[in-house]
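Chemist: The whole structure should be built from the sequences, with the hints applied where relevant.
One letter stands for each residue in the lines below.
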Amino acid sequence: GQSLEQPSEVTAVEGAIVQINCTYQTSGFYGLSWYQQHDGGAPTFLSYNALDGLEETGRFSSFLSRSDSYGYLLLQELQMKDSASYFCAVRDRRGGNYQLIWGAGTKLIIKP
Amino acid sequence: KAGVTQTPRYLIKTRGQQVTLSCSPISGHRSVSWYQQTPGQGLQFLFEYFSETQRNKGNFPGRFSGRQFSNSRSEMNVSTLELGDSALYLCASSLASGERTDTQYFGPGTRLTVL
Numbered sequence: 001g002q003s004l005e006q007p008s009e010v011t012a013v014e015g016a017i018v019q020i021n022c023t024y025q026t027s028g029f030y031g032l033s034w035y036q037q038h039d040g041g042a043p044t045f046l047s048y049n050a051l052d053g054l055e056e057t058g059r060f061s062s063f064l065s066r067s068d069s070y071g072y073l074l075l076q077e078l079q080m081k082d083s084a085s086y087f088c089a090v091r092d093r094r095g096g097n098y099q100l101i102w103g104a105g106t107k108l109i110i111k112p
Numbered sequence: 001k002a003g004v005t006q007t008p009r010y011l012i013k014t015r016g017q018q019v020t021l022s023c024s025p026i027s028g029h030r031s032v033s034w035y036q037q038t039p040g041q042g043l044q045f046l047f048e049y050f051s052e053t054q055r056n057k058g059n060f061p062g063r064f065s066g067r068q069f070s071n072s073r074s075e076m077n078v079s080t081l082e083l084g085d086s087a088l089y090l091c092a093s094s095l096a097s098g099e100r101t102d103t104q105y106f107g108p109g110t111r112l113t114v115l
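So the sequences go chain by chain: A and B. Residues 1 to 112 in our numbering are what the first sequence spells out, letter by letter. Residues 1 to 115 in our numbering are what the second sequence spells out, letter by letter.
Among the hints, a few may not be true.
Short derived list, chain B residues pointing at chain A, Cβ under 8 Å [stated by the list, open to error]:
1. GLN41
2. PRO61
3. GLY62
4. THR103
Rather than coming from a laboratory, the hints here were simulated on the basis of the structure. Every residue gets a Cβ at the ideal spot worked out from N, C-alpha and C, and that includes glycine.
Modeler: Spelled out as structure tokens, the structure:
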């Protein structure tokens with residue numbers, strides 16, 4: 001079957017660095033995406049990795065290792081506004097069409 | 001550009017009723033996907049429409065159906081509502097369907113409560 005595993009909750013301190021891991025098991029793989037969702041809000045796109053390595057966008061970085069079926073989202077210089085749920089999603093291919101398979105989300109709690 | 005809009009934002013129904021939710025994608029986006037989100041379950045994919053055709057379908061019963069109009073607006077219908085259908089229903093639009101790097105843009109969702 002297809003599945004994505006990520007921790008349900010992570011706690012960190014303001015100003016620190018936190019890493020949210022995601023391991024996946026899918027029949028195909030066409031990229032790993034990360035989305036952020038604040039309570040009561042809609043998910044918003046953060047980053048996308050199709051190839052192995054690190055992608056950096058400001059304070060956020062995302063890493064992918066296809067051989068390990070593993071990726072992570074790295075958040076630096078944490079701010080209180082980063083408190084949210086973070087979802088990883090793998091793009092798989094079914095019947096000729098690409099589809100996103102989602103993890104259950106990681107709730108990031110930031111303490112002052 | 002206006003974002004993805006969903007109506008209504010909140011809905012309360014009773015078991016056995018049916019409900020129709022609406023989604024207007026970002027102008028120029030032709031793909032609309034629907035998701036069900038419940039606490040601790042992440043986003044469960046319902047279906048995707050592109051150019052008025054259903055392209056992908058998730059593992060939901062036939063009580064869940066949808067359609068897309070020529071202006072790319074989409075509707076989702078749930079018949080014979082059950083208590084377990086209480087959830088946040090999210091709509092996401094993207095430029096095209098079947099693209100590897102296609103980013104999805106989400107609407108605010110419709111919070112459905114079934115009593």
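Chemist: Hints first: check each against the structure and report whether it holds.
Modeler: Status of the hints after comparison with the structure:
1. GLN41: holds, 6 Å
2. PRO61: Result: violated, 19 Å to nearest chain A Cβ.
3. GLY62: Given a least distance of 19 Å, the restraint on B/GLY62 is violated.
4. THR103: This hint holds: B/THR103 lies near chain A, its Cβ roughly 5 Å from the closest one there, short of 8 Å.
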